[in-house]
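*Asks:* The listed protein sequences derive, respectively, from chains A and B. Counted the way numbering that gives the first Met the number 0 counts, the first sequence spans residues 0 to 214. Counted the way numbering that gives the first Met the number 0 counts, the second sequence spans residues 0 to 214.
Worth flagging that the hints you see were computed from the coordinates, not collected in a lab. Among the clues, some could well be false.
Chain copies aren't distinguished; within one or between two, either way the pair holds.
[As the list claims (entries may be wrong)] With a straight-line Cα cutoff of 35 Å, these simulated DSBU-like cross-link-like pairs (lysine-lysine) come out:
no., residue 1, residue 2
1, K102, K25
2, K102, K209
3, K178, K75
4, K75, K208
5, K102, K56
6, K208, K56
7, K178, K195
8, K25, K56
9, K195, K172
Number of protein chains: 2
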Amino acid sequence: MVKLNLDILSENNRLAERNRGWFEAKHVLALNMVSSPGSGKTSILESTIRSMVETQKLFVIEGDQQTTRDADRIEKSGAPAIQINTGSGCHLDGNMIHLALKKLEIPEHAILFIENVGNLVCPAMFDLGEQKRVVVISVTEGDDKPLKYPYMFETSHLCIINKTDLLPYVDFKVETAMKYARQINPNLEFIMVSVKTGEGMDEWYEWLKKQLQVL
Amino acid sequence: MVKLNLDILSENNRLAERNRGWFEAKHVLALNMVSSPGSGKTSILESTIRSMVETQKLFVIEGDQQTTRDADRIEKSGAPAIQINTGSGCHLDGNMIHLALKKLEIPEHAILFIENVGNLVCPAMFDLGEQKRVVVISVTEGDDKPLKYPYMFETSHLCIINKTDLLPYVDFKVETAMKYARQINPNLEFIMVSVKTGEGMDEWYEWLKKQLQVL
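Only chain A is shown next, with the shape it has when bound in the complex (with noise of 0.2 Å):
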């Protein structure tokens, strides 16, 4: 089994690079948003195109195990969405993007989403080909998750802690959860947001722009 799993990860691994250097060569910032079901990355990208969309070419990849509905979110939001429904899988993988990416027509110095399924354990063990990897948690969860899920937050650039406008009614310390996250990766960046409010999304769009710029 050990073997095995190091063959599907390698075999990833090369196909993960093949992305890499197709989003290096378009100019494409390429984002791979992992969370557990529910922590809001469909609502975050909604507000996040409606705001950016008119300055920006944005585009999104969404998995899911069924369903096109976040897909569809998307769309009515502006932006060109394909979904991957990946049945029993667990993650996406490199390959699921180096197929959605002839589907979709991209062009030079876009931003590319690419919604992860909800889980925040197998998708850390597949890299896309992007740039960075956003870890979304909401305040809902319990500020222990980095703790528990260590090698997601391990991998990630950015924790965007989401739904703060929840934090008078649920005991969740925020200066806990990102002392635990950065006991596993100290050069983990953070952003909290409200969708619901709006609070804080404008950082987010600013960290969206200068990766942009760096690229």
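Put chain B on the given structure of chain A with help from the hints.
*Replies:* Using the frame of chain A, we list chain B on its own:
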């Protein structure tokens, strides 16, 4: 890959049947508790143990990628617990439960809670030999989770909807979540609880006692 997955699942199913026989022989009620990360499984178990430990024999197997935090919390609430760290693994399997059963000295007519890794995808495929599977969702996760993660809802017997105290602050329609879940599994039972306020917890305790009686 498909063939290999079937081999792994077939081997797991064999070991799960062995556990099922063990539970049957000892009239032990074994419950496989599954959910997203942060839905409140551990908090539900803490409250359950504090409420029932005087009158019932309660044992817990805790699954997490890393840390013994949950087992520590459970032991403090008064029940023997054993922690299984799955490392990079995304689910508990039949063999892990078999090994844990050897260490926990579980008497006849006990309740064994198995808290699976927080993951709505992979644990759905791995039978542990449990009599009942309990899926916990929280009202902060979005009411479309049953459609997006259908295998978990298809294979569960009871759905606990947790954090009802947060209903006034989130866009979660209980009826919608139930409707979607019943489309996938018409026999699924529901109990709504708030661990924080205690609302609905008595119904859960009654459900547990009823399961014990029909063993």
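*Asks:* Up to 35 Å between alpha-carbons, please classify K102 paired with K25: within, between, both or neither.
*Replies:* Close inside one copy (15 Å), not across copies (56 Å); limit 35 Å.
*Asks:* Quick one: K208 to K56, C-alpha cut-off 35 Å, is that within a copy, between copies, both, or neither?
*Replies:* within (12 Å within a copy, 57 Å between copies)
*Asks:* Using 35 Å as the alpha carbon limit, work out where K25 and K56 are close: within a copy, between copies, both or neither.
*Replies:* Classified as within: same-chain Cα gap 13 Å, cross-chain 62 Å, threshold 35 Å.
*Asks:* Under a CA distance limit of 35 Å, which applies to K178 and K195: within one copy, between copies, both, or neither?
*Replies:* both (26 Å within a copy, 25 Å between copies)
*Asks:* Since the copies are identical, ignore which copy is meant and state whether K195 and K172 lie within 35 Å (CA to CA) inside a copy, between copies, both or neither.
*Replies:* Both: 20 Å inside a chain and 16 Å across chains, each within 35 Å.
*Asks:* Check K102 against K209 for me: Cα-Cα at most 35 Å, and say if that holds within a copy, between copies, both or neither.
*Replies:* within (27 Å within a copy, 53 Å between copies)
*Asks:* Using 35 Å as the alpha-carbon threshold, which applies to K178 and K75: within, between, both, or neither?
*Replies:* This pair counts as between: shortest inter-copy Cα distance 24 Å, intra-copy 38 Å.
*Asks:* With identical chains treated as interchangeable, where does the CA-CA distance between K102 and K56 reach 35 Å or less: within a copy, between copies, both, or neither?
*Replies:* within (16 Å within a copy, 57 Å between copies)
*Asks:* For K75 vs K208, is the C-alpha pair at or below 35 Å within one copy, between two copies, both, or neither?
*Replies:* within (23 Å within a copy, 48 Å between copies)
Hint compliance for this structure: no hint is broken.
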